[in-house]
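2 protein chains.
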Amino acid sequence: MRAKIHVYLKKSVLDPQGKTILQTLHRLGYSNVEDVRLGKEFYIELDETDPEKAKLQLEDMAKKLLANTVIEDFEVEIKEEK
Amino acid sequence: MRAKIHVYLKKSVLDPQGKTILQTLHRLGYSNVEDVRLGKEFYIELDETDPEKAKLQLEDMAKKLLANTVIEDFEVEIKEEK
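Taken in order, these protein sequences are the chains called A and U.
Residue 0 is where the first sequence starts when you use numbering that gives the first Met the number 0, and the numbers rise one by one after that.
Residue 0 is where the second sequence starts when you use numbering that gives the first Met the number 0, and the numbers rise one by one after that.
Quick caveat, the hints were computed from the structure, so don't treat them as lab data.
Treat the hints with care, as some may be off.
Pairs count within a copy or across copies, as identical chains cannot be separated in the list.
DSS-like, lysine-lysine: derived pairs with alpha carbons at most 27 Å apart [to be verified]: (1) K52 to K62; (2) K54 to K18; (3) K52 to K18; (4) K3 to K62; (5) K78 to K18.
Turn these sequences into a full structure, and let the hints steer you where they fit.
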């Protein structure tokens, strides 16, 4: 099964990297860009056929290793079964 | 308009960060994880109502600034109109 885990900063947390990209885009002439925030994506191949079980496991992995839940939120997306 | 730009390493390019995460997941007991690859996501707010134009502009931004097209591919995803 293929899945994605999206990890991104909570709305209340400042994203200085995104701000820098926003400023650079403005300097390059893209003045209609209003906001940029940066996130991470984990593309994961999992040997598991039950989507429910896969989802639980991926959430567990995100909490334990992939996301810093103090400042980040995450979202699990099951892509397809093998 | 809200959009996402996904930037990820080309399939032919090694992803050492993903490999390290894979090994760590195995060590944590998630032995059914077969592959992990890492990507970036840019969440962008754009003042543009035409989805066609927005897509062209976002592709342009990705090529000029957000992606290193020598080793990375990107994908533009228009999320919703304002």
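**Asked** Of the hints given before, which are not true for this structure?
**Response** none
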